[in-house]
Amino acid sequence: MELLKPALGLFFWALLAFMIVFLILKKFAWKPILNMLNERETGIANALQTAEKVKGEMSAMKAENEQLMKQAHEERSAMLKEAKEIKEKMITDAKELAKTEANKIILDAQDQINRSKMAAITEVKNEIGLLSVAVAEKILRNQLSQDSAQDAYVKKLTEEIKMN
Amino acid sequence: MTGKKYLYLVGLACTLLMVLPFAKSFAQEHVAEAKVETKEEASKFNASEIIFGHVSDAHDWHFFSVGEHHVSLPLPIIIYSKTKGLSIFSSAKFGHEEHREVHNGYTLDEHNKIESEDKSESFYDLSITKNVLSMLIGVVLLLIIMLNVAKKYKQNGAHVAPSGFQNALEPVIMFVRDDVAKPTLGAKYQKYMPLLLTLFFFIWINNMLGLLPGGANFTGNITVTACLALISFIILLINANKHFWGHLLNPPGVPLPIKFLLVPIEIMSLFIKPIALAIRLFANILAGHIIILSIISLIFIFSKMGQNPAAGYGFSIVSLAFSIFMFFLELMVAAIQAFIFTNLTAVFIGQAIEDGHGHEEHDHHHEEATA
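Respectively, the protein sequence lines represent chains H and Y. If you're matching positions, the first sequence starts at 4 in the numbering used here and goes up one per residue. If you're matching positions, the second sequence starts at 317 in the numbering used here and goes up one per residue.
Treat the hints as calculated values from the structure; they're not laboratory data. Each residue gets a CB set at the ideal place from its N, CA and C atoms; glycine is no exception. Be aware that a few hints might be false.
Here are the simulated DSSO-like pairs of lysine-lysine, each with C-alpha atoms no more than 27 Å apart in a straight line [stated by the list, open to error]:
no.: 1; chain 1: H; residue 1: K34; chain 2: Y; residue 2: K409
no.: 2; chain 1: Y; residue 1: K470; chain 2: H; residue 2: K29
no.: 3; chain 1: H; residue 1: K30; chain 2: Y; residue 2: K468
no.: 4; chain 1: Y; residue 1: K620; chain 2: H; residue 2: K29
no.: 5; chain 1: Y; residue 1: K400; chain 2: H; residue 2: K8
no.: 6; chain 1: H; residue 1: K8; chain 2: Y; residue 2: K398
no.: 7; chain 1: Y; residue 1: K558; chain 2: Y; residue 2: K507
no.: 8; chain 1: H; residue 1: K34; chain 2: Y; residue 2: K468
no.: 9; chain 1: Y; residue 1: K504; chain 2: H; residue 2: K29
no.: 10; chain 1: H; residue 1: K30; chain 2: Y; residue 2: K409
no.: 11; chain 1: Y; residue 1: K409; chain 2: Y; residue 2: K398
no.: 12; chain 1: H; residue 1: K29; chain 2: Y; residue 2: K507
no.: 13; chain 1: Y; residue 1: K468; chain 2: H; residue 2: K8
no.: 14; chain 1: H; residue 1: K29; chain 2: H; residue 2: K8
no.: 15; chain 1: H; residue 1: K30; chain 2: Y; residue 2: K467
no.: 16; chain 1: Y; residue 1: K504; chain 2: H; residue 2: K30
no.: 17; chain 1: H; residue 1: K8; chain 2: Y; residue 2: K589
no.: 18; chain 1: Y; residue 1: K409; chain 2: H; residue 2: K29
no.: 19; chain 1: Y; residue 1: K589; chain 2: H; residue 2: K29
no.: 20; chain 1: H; residue 1: K29; chain 2: Y; residue 2: K400
With the Cβ distance kept under 10 Å, some of the chain Y side facing chain H (calculated, not the full set) [as the list claims (entries may be wrong)]:
no.: 21; residue: I366
no.: 22; residue: K429
no.: 23; residue: K467
no.: 24; residue: I581
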């Protein structure tokens, strides 16, 4: 039963030591340790929250990027289409223009040719007239070189006039 | 689940009832045998004396004896007497166990207690005994460890992974916070964290120091456990709120005649709490020490039983195996008992600081239901 008897000295020292340890540890150990643990936990929670937020932002940004890309694609194809149209229009316009020019040149050329032809023909006609006059003169000179032939011709002419 | 437990209990009770008569007769035989044995062996080896010598407090720290030569550390004796005043001297002045000397009018009795030659003199024995010294070593270790860990936290800041001792202690601190304080104390847990942590580590480190060979039986001493229980009881009384006292002294919704019965029981239960706390820790640690010492003593009992000590050598293997097993068990018990003491302190404080909201709401619903 000796074990169940409390001892004053031990009680005193145990109480004193516990109180001192409690006060020292409370101020210099538990307070900083618990504060740090709390701080770390809130830090981790915050970091997780931020990560989640950033993840959301990233996905929003990605969606936006995709939207932009899509828009750019559309614009590009629209531009290509427009360019193609312009090109085709230019080609047709050029063709049209060339055609009209060519036609005009052809017409001019034909006109010129006609005119040259007409001039040539006129000249030829004049030449032929002159030639025929000269031939007729020569023939007449030849036929009317004798007096009898002259008389016969005058007679004939007069007959013709009489007849008229 | 509870049904299974109930069945288990019934089975246990039946088994006990069946075995008990035999056990009784066996015990009687055993006692008779033991009496004969102790008469014969008393001069050779007294296990109970050795065991109780080891688990009791002492004024010197005895390490070992070679023949008649005792190797021990004498400890300071501090006595305050109203007539003689304060006297401080080494316990070596009392001589040794076989030959006690008187110093300054004081000497040691057969239980290693200081007694005065003048029987009427009242004095206070504040000596640094074996247990006090063991506690001081524990306290110094605790302070060194914890202050170093705290320093590391301060140096590294909150966002560096813990390392070394800090890493070992952090889960324990988190365990006390998350599994002891938070569930029992609710939102106000932070106020009691320093107390719970100090209690836990103080008990744990002293439990473990007690397990070292030659260590003192500090936490297995009723004075120490009573002191710790008293501290937690005082904290409980200081922090108990109106709701707690109201329910204790004037339980609501109880008829007056039953109150006369209930209130004394409630008051008794209030005081039984710290007593149970003290006895639980004391008995667990003391029992562990006694079992290990008994198993080791068995070697010597066996070796002195017959003509030659062969039985002792043979049994030493069994004994060693048992004591190693007990050591591991006691290492576990050291932590478990520290946890139980801390947890029960938290539970008792939690009951005392609980506001009535949940309870009243419950009562209210109950009234509505009955109406």
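request  = For the pair we were handed, K8/H and K589/Y, check the Cα-Cα distance against 27 Å.
outcome  = At roughly 20 Å apart (the allowed maximum being 27 Å), K589/Y and K8/H satisfy the hint.
message = Hint check: K620/Y vs K29/H, CA-CA at most 27 Å. Holds or violated?
response = With Cα atoms ~53 Å apart, K620/Y and K29/H exceed 27 Å; violated.
ask   = Does K429/Y meet its interface restraint, that is, does its C-beta lie within less than 10 Å of any C-beta in chain H?
value = holds (8 Å)
ask   = Hey, K589/Y versus K29/H, does the alpha-carbon distance stay inside 27 Å?
value = Holds: K589/Y and K29/H sit about 25 Å apart, inside 27 Å.
query = Would the pair K30/H and K467/Y pass a check requiring their Cα atoms to be no farther apart than 27 Å?
reply = holds (12 Å)
request  = With a cut-off of 10 Å on the beta carbons, see whether K467/Y makes it to chain H.
outcome  = Check passed: Cβ of K467/Y comes within 8 Å of chain H, closer than 10 Å.
ask   = Given the hinted pair K8/H and K398/Y, is their alpha-carbon gap at most 27 Å?
value = holds (23 Å)
inquiry  = Given a cut of 10 Å on the nearest C-beta pair, is the interface hint for I581/Y held or broken against chain H?
reply    = Interface hint status for I581/Y: violated (25 Å vs cutoff 10 Å).
ask   = Regarding the pair K504/Y and K30/H, is the alpha-carbon distance no greater than 27 Å?
value = holds (19 Å)
ask   = Taken at face value, is the distance from the CA of K29/H to the CA of K504/Y at most 27 Å?
value = Holds, at roughly 17 Å.
request  = Would you check whether I366/Y satisfies its interface hint, that is, whether its CB is within less than 10 Å of any CB in chain H?
outcome  = For I366/Y, the interface hint is violated, since the closest Cβ of chain H sits about 14 Å away, which is over 10 Å.
inquiry  = Hint check: K34/H vs K409/Y, CA-CA at most 27 Å. Holds or violated?
reply    = violated (45 Å)
Checked against the numbered hints above, the structure violates hints 1, 4, 10, 13, 14, 18, 20, 21, 24; every other hint is satisfied.
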